[in-house]
Amino acid sequence: FGVCPQSGQAVEYRERIHHLTPEQREMYDRAAAAWQVVLRDIDAALTVTNGGSRARATSLTKFWGDHQRFFRQVICAFKVPGVIAETEQALRDGKSVVISLVGTGEARTREQVARAAAAGGMLEDLDFSPREVIAAMVERGFPTTLYQDVTDPTTGKTIQVPVKDEQDTIVESKQALVMRQRLIDGLSALELPENPLDQLVNHFGERNVAELTGRSRRLIRDPRTGRVEYRKRAPEGVAMDRTNIFEMEQFQAGKKRIAIISDAASTGISLHASNRAQNKQRRVHITLELGWSADKQMQTFGRTHRSDQAVPPEYVLLSTELGGEKRFSSTIARRLGSLGALTKGDRGAADTGDLAKYNFETEEGRAALSLLLRRIMAGESVPGLDNPRQTLRDCGLLVKNKEGGEEVRKEDEYNVPRFLNRVLALNVEQQNALFDGFAELFDQTVQFAKANGTFDEGVTDIKAVAVRLAKAPRIVHTDIVTGAQTTHYKLEVDLPTRAVSFAEADRVRGRKSGAFLQHKKKGHFMLAIESGRHTNPATGKSFRNLAVWRPEAARTNYIREDELSEKYQAVTPEAARAWWTQRHAAIPPIETVETHLIGGAIIPLWQRLKTHEGARLRVVRVTTDEGQRIVGIHLPPDRVGLVLRSLGITRSLREPAQIINGVLHEGEEITLAANLTLRQGNIHGEPAVEMHGADPYKFAQLRGLGLINEQINWKQRFFIPTDEAKGIEVLSGLLQHYPVVVNEEASDEATAHASIGDIEMTREASSNHVVDLEGWLIAVGATDTPHDHEAQDTQGAEIQSEAVRPQTIAPIHQAPAPVRQFDTCAAAQPSLFAFQPAAVSPPQPATVARRRNEAQMELMFTESEASAEALAFPSLAAAWVLPSEQLSKWSLKMDGGEGGRSLDARRDQAATYLRTHAAG
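Be aware that the sequence shown starts at 1, since it is given in the working numbering, and climbs by one per residue.
It should be emphasised that the hints constitute simulated quantities derived from the structure, not laboratory data.
If you're wondering where the values come from, they're calculated on a predicted model, not measured in any experiment.
Note that the Cβ used here is the ideal one computed from N, Cα and C, for glycine as well.
A couple of the hints might just be wrong.
No more than 27 Å apart at the CA atoms, straight line, and that leaves these computed lysine-lysine pairs for BS3-like [to be verified]:
{"id": "1", "residue 1": "Lys62", "residue 2": "Lys400"}
{"id": "2", "residue 1": "Lys232", "residue 2": "Lys62"}
{"id": "3", "residue 1": "Lys174", "residue 2": "Lys164"}
{"id": "4", "residue 1": "Lys490", "residue 2": "Lys463"}
{"id": "5", "residue 1": "Lys157", "residue 2": "Lys463"}
{"id": "6", "residue 1": "Lys521", "residue 2": "Lys471"}
{"id": "7", "residue 1": "Lys471", "residue 2": "Lys490"}
{"id": "8", "residue 1": "Lys400", "residue 2": "Lys410"}
{"id": "9", "residue 1": "Lys471", "residue 2": "Lys174"}
{"id": "10", "residue 1": "Lys164", "residue 2": "Lys62"}
Label pairs and their computed distance ranges (CB to CB) [claimed, not checked]:
{"id": "11", "residue 1": "Gly302", "residue 2": "Gly52", "range": "47 to 53 Å"}
{"id": "12", "residue 1": "Lys400", "residue 2": "Pro637", "range": "52 to 58 Å"}
{"id": "13", "residue 1": "Gln89", "residue 2": "Val631", "range": "39 to 45 Å"}
{"id": "14", "residue 1": "Ala378", "residue 2": "Pro637", "range": "54 to 60 Å"}
{"id": "15", "residue 1": "Ala33", "residue 2": "Ala378", "range": "27 to 33 Å"}
{"id": "16", "residue 1": "Ala114", "residue 2": "Val631", "range": "54 to 60 Å"}
{"id": "17", "residue 1": "Arg629", "residue 2": "Gly510", "range": "41 to 47 Å"}
{"id": "18", "residue 1": "Glu15", "residue 2": "Ser501", "range": "34 to 40 Å"}
When you get a sec, could you build the whole thing from the sequences and use the hints?
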């Protein structure tokens, strides 16, 4: 991306995997085994010394911290051969190279050199590998202090305190000291790679490398004699604080074509191919090590990609095949996304190509980890692991509980960074096998989330052939403090149709082992292709999804196998050919889709835009044909009406005085935005309008709006002032912030007409339901239309028919058809891909919603085989308008005996139904 107008080249990102050599794999496996031995001995030493929970926490915290630092350094050093190969190739191609890493290890080097000088040792004999990390951890962090049990006088609980001798000196366990010394002796045979920075400088030569780091001295090995010198990094005549500037100038002048930078040089340094520099070669930026800080990592990338450059850089993201290294990539990928969201309002703004795919610290990643751990604890196998439970023990994730058993602690079940960190403790084969098992579940969980529309993709662009405003934008909210406006945009988006010919569908069927299916009721056809098994992160259950292909588009949606088995039957390709070809020929090349966006000041309305608890708001960008740029919340077609009603724009709301009168004198309950409600209450013996549902974060705001705040029974309660004028004034201010929310089920005539006039109620193509399950299960005497598009044409009429009702309900003379009964036994279900003769039923007009509702009531108030004395829906509907004393004379029998519902209960259910679906 980012094509340079001068060179015609673009910034390029690529990933290079360094595969460990056999020697490196053996070195890593031995290091992992050493850390596992240390972990087991620490656990044993804690038992020997009687160390309690506090001593255990202290020891393990230091252990895992040093463990992560150790393997980070080892992996970084392992990648040096890959860096050398990339660098030499870039130099041959006439490019200059910039290598970035995080730390230099100077503090550890200085300490060892000082010790060697004090002891009269030689620098050649010093070990500058990460061995010192594990050795120092064992030397200083191994638990040797002996503890004794005492009773805490304040709590009465047993605690552990160090044992002291007569001189008040802490006593150490002799057995633990022996264990520690045995570990230190064993570590002497551990072979590890040396400091990667020193490796690179010594390989290419200090005269060819511009080192821009924070260290003042470095170890230089003479290639002829092999002697090592600890030299100053600053050249002769250059002050130390100007060394990095001097090295930068050497690189920009082309005198040195290799530069190595650390975090210390991540700012204030320019290493790009500047038009003002003598060295205009393309820069190849190799990331030997990714930093923990997102902003510093972006600063590091910015050293080679700046304004006024002759040619943009090429970035090489270097990593190994070790699954544990994803620990570092995952954290920086997540933080880069957060950085983009903070600085540019778009977490994709800071994405660096391939890094985004390593972000496992997401909701889907946590669900995948939890599922993996639960499966292992349930005894399931993981490919590549002989004993998955032992693998968790080696990682320190499977620990003993108080009852003596083993468990994964709750704080570890969803902790992805900790899991990836602990994976580093395994040998190469084990960690890759465990990580692959996690990554497979992660991919399945992401696919499941995408198929169900719950995957958070961040800000996305609407890409279309043309985008037009269907009507003038409408202001739906104005903030009373700032004056910022929120606008509703109704767009017409022209998209190319993704029509699928029969020949293409048949080729896909043969290549991917799919099948043509026919709807048992409607008669239309589709192609089903298996998309693999998926995992529900909420339940952990695995199921098979099938991708649905239609003439209109490929993969229109994904449906579960059991759902298809109920509604479809497999047919031969020839049976579907004629229908598919005719349908495909009628599809236009361009289709126009209506899209609704809410833009402008959306933060104050965030909760009102969320149409249900847990809803995920999708932020999109679009540019109209007139060049207008719109960024806003995308509203799904079936939620437009609800959102607009929550903003109070589908009908005029009552005045505050009417609301107060309705609550106080008619017992109404008014629902406001943010789940607030107004109900009748009592303050100081007087009836008042009380507000319910406020959380503590709103208390200060409500007090500021003038609501009366009383603390009653230690609870904060809020009331509208009882004074009429003051009450109207306060309620008016309250409604500015929290307007009245009209119930989604509201069906008065004004709302019905407004909804039908302003909102096109269409189903999304990605719906997981092929047909209306509710309408299909309850037969009403006539079949539905042959395909979803025809059903949509009648939907508006059904809504209007359902919304506008007469105030009295006439008896229904024709009884509804019986409810279909289905055998839910899996064995009774026919095979999804078993061939059955095609039987195309002729299309018939859709049944109006009124008949369906009557059938629902028949199902609600009678048994599946109703007795002659059971009260049918027509009688019940007529009874609704009768006085209660007449109703009390009626009798009602149910086959359930005492378990049957009472007349009052049935009448309440009928009242609820009629109040929802009938006007008046």
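Status of each hint after checking the structure:
Of the supplied pair hints, the one linking lysine 62 and lysine 400 holds, its CA atoms being roughly 20 Å apart against a limit of 27 Å. For a cut-off of 27 Å, the pair hint linking lysine 232 to lysine 62 is broken: about 33 Å separates their Cα positions. Under the criterion of a C-alpha separation no larger than 27 Å, the hint pairing lysine 174 with lysine 164 is consistent with the structure, at around 14 Å. As the CA atoms of lysine 490 and lysine 463 are separated by approximately 16 Å, the hinted pair is consistent with the 27 Å bound.
Proximity of lysine 157 to lysine 463 is assessed by CA-CA distance (about 66 Å); at most 27 Å being required, the pair is judged violated. With a C-alpha separation of about 39 Å, the suggested pairing of lysine 521 with lysine 471 is violated against the 27 Å cut-off. Distance restraint check for lysine 471 and lysine 490: the Cα-Cα separation of roughly 6 Å lies within the 27 Å cut-off, and the hinted pair is therefore satisfied. For the hint pairing lysine 400 with lysine 410, the CA-to-CA distance comes to about 13 Å; that is within 27 Å, so the pair holds.
As the CA atoms of lysine 471 and lysine 174 are separated by approximately 85 Å, the hinted pair breaks the 27 Å bound. About 24 Å separates the Cα atoms of lysine 164 and lysine 62, which keeps this hinted pair within 27 Å; it holds. Evaluation of the 47 to 53 Å hint for glycine 302 and glycine 52 yields a pass: the beta carbon distance comes to about 50 Å. The supplied range of 52 to 58 Å is met by lysine 400 and proline 637, whose beta-carbon atoms lie about 54 Å from each other.
A C-beta distance of roughly 43 Å is found between glutamine 89 and valine 631, which places it inside the suggested range of 39 to 45 Å. For the pair alanine 378 and proline 637, the supplied restraint of 54 to 60 Å is violated, since their beta-carbon distance comes to about 41 Å. In this structure the hint that alanine 33 and alanine 378 lie 27 to 33 Å apart at CB holds, the actual value being about 28 Å. The supplied range of 54 to 60 Å is met by alanine 114 and valine 631, whose beta-carbon atoms lie about 58 Å from each other.
In this structure the supplied range 41 to 47 Å holds for arginine 629 paired with glycine 510, their Cβ-Cβ distance being about 45 Å. Between glutamate 15 and serine 501 the Cβ separation comes to about 37 Å, which falls inside the hinted range of 34 to 40 Å.
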